[in-house]
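**Student:** Heads up: the protein sequence lines correspond to chains A and B, in order. Numbering follows this note's numbering, in which position 227 of the first sequence is assigned residue number 227; successive positions increment by one, without gaps. Numbering follows this note's numbering, in which position 2 of the second sequence is assigned residue number 2; successive positions increment by one, without gaps.
It does not matter which identical chain is used: a pair holds within one copy or between any two.
Once the Cα atoms are required to be at most 27 Å apart in a straight line, the calculated DSSO-like pairs of lysine-lysine come out as:
(1) 301 to 282
(2) 387 to 371
(3) 315 to 410
(4) 315 to 387
(5) 387 to 282
If you're looking for bench data, these hints aren't it; they were derived computationally from the structure.
There are 2 protein chains.
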Amino acid sequence: MKRSIAILCLLHATVFTQPTSPEHAAREWRITHEKAIIEEFMELLAIPNVASDRENIQRNAALIVRMMEKRGIAARLISSAGANPLVFGELRTPGATRTLVFYAHYDGTPIDPVEWTTPPFEPVLRTRSLEENGTVLRLDAIGKALDPESRLYARSAADDKAPIVALMTALDAIRAAALPLRSNIKFVFDGEEEIGSPNLEKMLAANKDLFAGDLWLVCDAPLYQTRQQSIIFGARGIATFDVTVYGPRVELHSGHYGNWVPNPAMSLARLLVSMKDPATDKVLIEGFYAEVEPLSPREQKAIADAPAVDAALMKDLWLGATDGRPSTLNELIARPSLNIRGMASARVGAAATNIIPASATATFDVRLVKKMTVPRLLSAMRDHIRKQGFHVVETDPTAEIRRSHPRVAKVVLLRGAEAARTSMDLPVSQEVIRVVERVRGKTIALPTMGGQLPLDAMSRAAGAISIIIPIGNHDNNQHSANENLRIQNLWDGIELMAALLAMDVPAATH
Amino acid sequence: MKRSIAILCLLHATVFTQPTSPEHAAREWRITHEKAIIEEFMELLAIPNVASDRENIQRNAALIVRMMEKRGIAARLISSAGANPLVFGELRTPGATRTLVFYAHYDGTPIDPVEWTTPPFEPVLRTRSLEENGTVLRLDAIGKALDPESRLYARSAADDKAPIVALMTALDAIRAAALPLRSNIKFVFDGEEEIGSPNLEKMLAANKDLFAGDLWLVCDAPLYQTRQQSIIFGARGIATFDVTVYGPRVELHSGHYGNWVPNPAMSLARLLVSMKDPATDKVLIEGFYAEVEPLSPREQKAIADAPAVDAALMKDLWLGATDGRPSTLNELIARPSLNIRGMASARVGAAATNIIPASATATFDVRLVKKMTVPRLLSAMRDHIRKQGFHVVETDPTAEIRRSHPRVAKVVLLRGAEAARTSMDLPVSQEVIRVVERVRGKTIALPTMGGQLPLDAMSRAAGAISIIIPIGNHDNNQHSANENLRIQNLWDGIELMAALLAMDVPAATH
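Please build the complete structure, drawing on both the sequences and the hints.
**Tutor:** Have a look at this one:
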């Protein structure tokens, strides 16, 4: 079955006149196969893919294996106890000395179905975005020329099943045009990226030879806000933690005890305020910026060259001010940050009752840049909290601890991952920029994205040099309801993946 | 049926030798009727009584009417559109020139059944408190001498159905002993106290003659923490409000936008911190203390004379510090207070996601003392928030408002009620203290309780002079799960109510 399809692909190839480039081959192929491409994509999107849903995760992985096998890729699942499988695929190119690894992920963030206009795992095409009142397009109504502004709605339509489909389609096009590959190709599709890839490093390290490669192209993240193509050479790390402070043993009547029993919500507010300078928005935790590796001249220039998006974003996000002025968004996301993800103490609004809360919790994320480490960050955070007069504990404090300290804070690290940044000065970095610009025109190259990707794990466990290649639209509602992919982004992504699959990796990567 | 029961009561009276006081009569009666008293109480407690549960509220009111009619009290429901009924009862005493009004409430706070050891509306007697591992007592096992430390568990066992049952039982005892009453007696049982008696003032004002009285005894609140009897001459008022501050239009990825998009949780924390001096715990809102009526010498002495409970409470509540030092709890609850009831922004802990929240809300209660008004407080609060750089609105701000101000806060008043305090120097105040001390020994008299009661509405609409007479144990879990009444508190309450029912109200009340 596998073999017969491979032969069919070769037959296809003979039908076309040979195009001059893989990206042109990809366009020709796509124009005549739009409906089939969308159908294959929808089949993949219809399988729920929240990382905790083990049964459906297996179904996703199995389908991706079938998609690869159909294309003659040697595909298998790499498993580890308690982990979702990595889907691995390999294409050996006779005579090739170097290996390109394409990474994407097939899991998606949890969904709250009531927030979705149509169910997250029942993919639908719309004529436009929902904000532009796009209406549902029936699949059998798709002709050869799907409107480039139409959008495909489903969880992971953009983040991050789109690159998987783009890569498979690009390979079909290369095969159909009988174009040569110049490197060995590997595919690594992660099933736990949205929960922080907790097992990736272990699984890569346990299969070092299998995952060896000269360059990892990490196909994730959205394009730049101007819709221009971007290439990103790194990702910030992350440390998330909960801080809980305590009031009375139980919630108390605020009439009977208010003014006398310390309020933990106020105590937490004071602690939060101590962490940031309101004038400069700089983090005031001692040592926070001590380990930051400065940006190189090329990196600084890349940030300065990126089109300004701040004013347009402020309008779109209803902001009357931004933090960290006069620095721009692009400058600020290349620096470490401290963010309050959420804050809770008793209840608010109609659910509130006349009580003094028993505790108050804030959940933070700190975005790390290269050279910052999670243990040192956590230690600096604990020291800072101590300096604010708190006794710091790691587990629920006993009655005795609470009675013997005026203020007690529990600090719990939830997750940590370090930053990674590939030098833009490397020959391989310059070659990737050249190939991408050939296909996609003027491209925004940035030293780092603000979010986190498991580049640090790839680097440690597989020695990977990684570069991020996004294909999704910036307004894809990633991680939220009504996630969507703009169809032109998929078409562009297929052409880009074809060019990258066929690229020649420079000899000296370091 | 009603008449025959009234006759039965008179027959009962002839069985006893005449006791010297109503409190002794009450004790004699109670000792021989413990099981019947508990049974009547349980029947009342078995009817759910959350104010919003209109059907069950009507069932409560109807049962209380029957309980009164059984005792020959002229009982009726006072209704008003959209309001739960006031249960009103009246006993005219031939020749009496003055009227005593007993107020209590039959509604209870909302319940979360999962937090209860036994269901809140299936009353059970336990041998001891749950904390002391009390076990369930079967009702048919009750002999003549129920352990005084046994407890009755149910919503409103203490707050505030206990006074209703104590009053009815006390009346039985007075009748059985053929003791005279000296005043006309009225009963007013509120069905909306726990939601702030929003219709009480209107209903009293619409029936001025019906509710006229020389002294209102407000039977609510718990005893002093030493278990000593207390009498309280006032209650703080309250103003509750929500303050919401805004971040981006929707939650945003904290990696892509953190450091640049202002975080509303931090903005709220700064606002909260601006409201209280961390060194003195004084409220920093300009004008907050401007209207406070100072305590009289007698009131100050009363507070100074009350037994110190601070150290024991700190131990029980697991507190390592208190606010407002060196002032004591009793001093502090006679002053205005600002309390954060709850605080919320996005999600915390395992539910947190990597976002910048879109908004943050705190719900406050301000406890008012005499002379402070809700409108002036709200105005001072709004001015304070403006001084912190916020544009203040009362409804959800539009995109344009949010874009054109660096900080926007929505301030919504949820509820307001003013304080009331009856002078401890009045002859009627001194007489109530005298009667209570005769029955209950050394009594803690305090100028005000920290909580709120609708004394202000009673004063404005019915010209009421009010004094609060608590009977419930201080550790009754009021407003929480596992609310309970210590049985000895019920027995003491019956004796106290008998003495008060039979008391002579002094001529000059003002």
